[in-house]
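Peer 1: Residue numbers (our numbering), protein chains in the order written: chain A, 1 to 260; chain B, 1 to 260.
Derived by calculation from the structure, the hints in this document are not laboratory data. The beta carbon of each residue, even a glycine, is placed where N, CA and C say it ideally should be. Where hints are given, some of them may not hold.
What the hints assert, rightly or not - Which bits of chain B does chain A cover? Going by a derived footprint, with three or more residues having C-beta under 8 Å, they are: (1) 15 to 22; (2) 236 to 249.
As the list claims (entries may be wrong) - The following residues of chain B were derived to be distant from chain A, with all beta-carbon distances above 10 Å: (3) Arg-27; (4) Phe-62; (5) Thr-72; (6) Gly-80; (7) Ser-83; (8) Ala-129; (9) Phe-193; (10) Ile-201; (11) Ser-254; (12) Tyr-258.
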Amino acid sequence: MLSNQQTLGNSNDHGDFAGPQLIEIRGVHKAFGQNHVLNGFDLDLYDKENLVIVGKSGSGKSVLLKCIVRLEEIDEGTLKVLGKNIPTLNHNELDQLRADVGFLFQGSALYDSMTVRENLQFPLRRHTERMQGLDEESLIHSTLKSVGLAHTIDMLPAELSGGMKRRIALARTLILRPKIILYDEPTSGLDPITSKEIIELILRIQKEYDTASLIITHDMDCARVISNRMIVLINGINYREGTYRELAALDEPNVKAFFK
Amino acid sequence: MVKDIFRFQGIISFFDEVGKVARFAGRFFKEFLKPPYEFRELLKQCYVIGYQSLFLIGLTGFIMGLVFDLQTRPTMIEFGAESYMPAMIGISIVREIGPVITALMCAGKIGSSIGAELGSMKVTEQIDAMEVSGTNPFKYLVVTRIMATTLMLPILVIMADAVGLFGAYLVESMKGGVTFQLFFNKVMNNLSFGDMIPSFIKSYFFGFAIGLIGCYKGYTSKKGTAGVGAAANVAVVIASMLVFVIDLIAVLISDIFYDL
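Can you make the complete structure from the sequences, with help from the hints?
Peer 2: If you want it as C-alpha cells, here you go:
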C-alpha cells in the first residue's frame with residue numbers, strides 16, 4: 001500500500017501560478033461499494049494553470065473530474081470550486097457554477113440527434129446571460145471558428161471524424177466562456193497527428209480564453225507539452241506531485257512506469 | 001434447497017425492480033410539475049412518437065379490420081347473423097382490439113426506440129454532458145417522452161380504430177354488398193359512450209406505461225453496448241406485458257360500471 005504523498009522541487013509554491021486558487025480539494029474520499037477509488041486525495045488548481053493528472057486505468061481519475069462538477073457525490077472531504085463548496089450547493093447554484101466549469105468528455109459526448117449548431121445552442125439557451133450582448137448565431141460562428149470548424153455548422157456528429165468531434169465538443173464547452181476546463185483523456189483514441197493538433201488547440205484556446213485546465217491523460221507526450229504541474233494518482237492519493245521534468249527524473253518504479 | 005434460494009432471490013429482485021420503477025414514476029410526477037417546462041422537446045417527441053408512427057399504426061389497423069372481418073364472417077353467416085357483422089366488428093375493434101393492438105405495436109416501435117436512444121445516450125455520456133451544461137436530463141429526456149407517449153397513444157388508437165373499421169367495411173362491401181352509409185350507421189348505432197370512454201381512458205395508461213418502461217430501462221441501462229441492446233429488448237417485453245395487465249384491470253373496472 002502506497003501512502004507517502006510527496007511534492008517535489010519547488011512546485012509546492014506552484015511556480016508562476018500564485019494567482020487565485022480555482023479548485024481546492026482536501027482529503028476527498030469516494031468509494032463504490034467496497035471499491036475505494038479516492039482515499040484522501042488533495043489538489044489545488046490555480047488561475048491559468050495547466051494541471052495534468054496521470055494514473056492507471058480505473059485509478060479514479062475520471063471519477064475525480066465527475067466529483068468536481070458533482071456528477072458523482074464525494075463521501076468525505078472538502079471540494080471547493082471557485083470558492084464554492086460543491087457538496088452543499090443547491091441545484092440553481094450548481095447550474096450557475098457548472099457554466100464556469102467546462103467539461104470535455106472522453107468520447108466527446110456530442111448529442112447525436114442534433115446538428116453542430118444545435119449542440120452549441122443547447123448550453124447557450126440554458127445560460128442566456130452568457131451571451132455577452134452578442135447574438136446567438138455570431139457567438140456560435142466565432143466559437144466554431146476558434147476551433148477551425150466553422151464549415152461543419154450544419155453537419156451531424158455522425159458525419160464528423162473523431163478529431164473533429166473532439167474539437168466540436170471543445171467548442172461546445174467554450175461557448176459559455178468557462179474559467180476552468182476539465183479534460184477527460186482529450187487525445188484518447190486519436191492518431192498521433194490528430195492528437196498533436198488537439199494538444200496545440202488546447203494550448204491556443206487556453207491563451208485565447210484565459211482558462212485554467214485540469215487534464216487527465218495517459219498520453220505522456222500530451223502531458224509533457226501541456227502541463228505546468230503534474231500529479232501521479234496511485235491508490236486514490238496524489239502519490240507524487242511536481243513538474244514533468246521532476247517526475248521524469250525520479251528513480252521510482254511506480255512513477256517511472258508512466259514515463260517509459 | 002439451492003433452488004428455493006434462487007427462487008427467493010428472484011422474487012426479491014422482482015419486487016426490487018418494481019420498487020425502482022415506482023420510484024422512477026414518482027420522480028416523473030415530481031419533475032413534471034416543476035418549471036421550467038420543456039415544450040419544444042415535448043412537441044418534437046409528439047412529432048416523433050405520434051406523427052412518425054401514423055403509417056405503421058394505420059397499416060396495422062387496416063389489416064386488423066380486414067382480417068378480423070374475413071375470419072369471423074363465415075361463422076356469422078353459418079349462424080344467420082350476417083347483419084350483425086358491423087355491430088360486432090365495431091364493438092370489438094373500439095373496445096378491445098384497436099387499443100391493445102395499437103399499444104402492442106407502440107410498445108415494439110416506441111418502447112424499444114426510447115430504451116435504445118436513452119441507453120446509448122447514457123453509455124456515451126451524453127446525459128452527463130447535458131447535466132453539466134445546466135439542463136435537468138430527467139426533465140428534458142424522460143418527462144417529455146413519457147408525456148408524448150401518454151398524449152399520442154389515444155390519438156393513434158382512434159386512428160387505428162377508424163382505419164380498422166374502414167378495412168372491415170371493404171370486406172363487407174365486397175362480400176356482402178353493404179354500403180358505406182349502412183355499415184357505419186350500424187357501427188355507430190351499436191356503439192355507446194360506455195364502449196368508447198373506457199377504451200379511450202385505458203389508452204392513456206398504455207401510453208404512460210410504454211413511455212415509463214422505455215425511459216426507465218434506457219435511463220438506468222448498464223454501461224456498454226450490450227446494456228443498450230438489453231435496455232431496448234427488456235423495454236419491449238415489459239411494456240407489452242404491462243399492456244395486458246392494464247387491459248385486464250381496465251376491463252374489470254369497466255365491468256363493475258356495466259353491472260351498476
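Peer 1: All hints, please: hold or fail.
Peer 2: Outcome of the hint check:
1. 15 to 22: Per the Cβ count (0), the hint is violated.
2. 236 to 249: violated (count 0)
3. Arg-27: 14 Å, holds
4. Phe-62: At about 31 Å from chain A, Phe-62 (chain B) clears the 10 Å cut-off, so the statement holds.
5. Thr-72: With a cut-off of 10 Å, Thr-72 (chain B) remains clear of chain A, as the shortest Cβ separation is near 44 Å.
6. Gly-80: 57 Å, holds
7. Ser-83: 53 Å, holds
8. Ala-129: About 4 Å separates Ala-129 (chain B) from the closest Cβ of chain A, which leaves it inside 10 Å; violated.
9. Phe-193: 41 Å, holds
10. Ile-201: 32 Å, holds
11. Ser-254: 40 Å, holds
12. Tyr-258: 46 Å, holds
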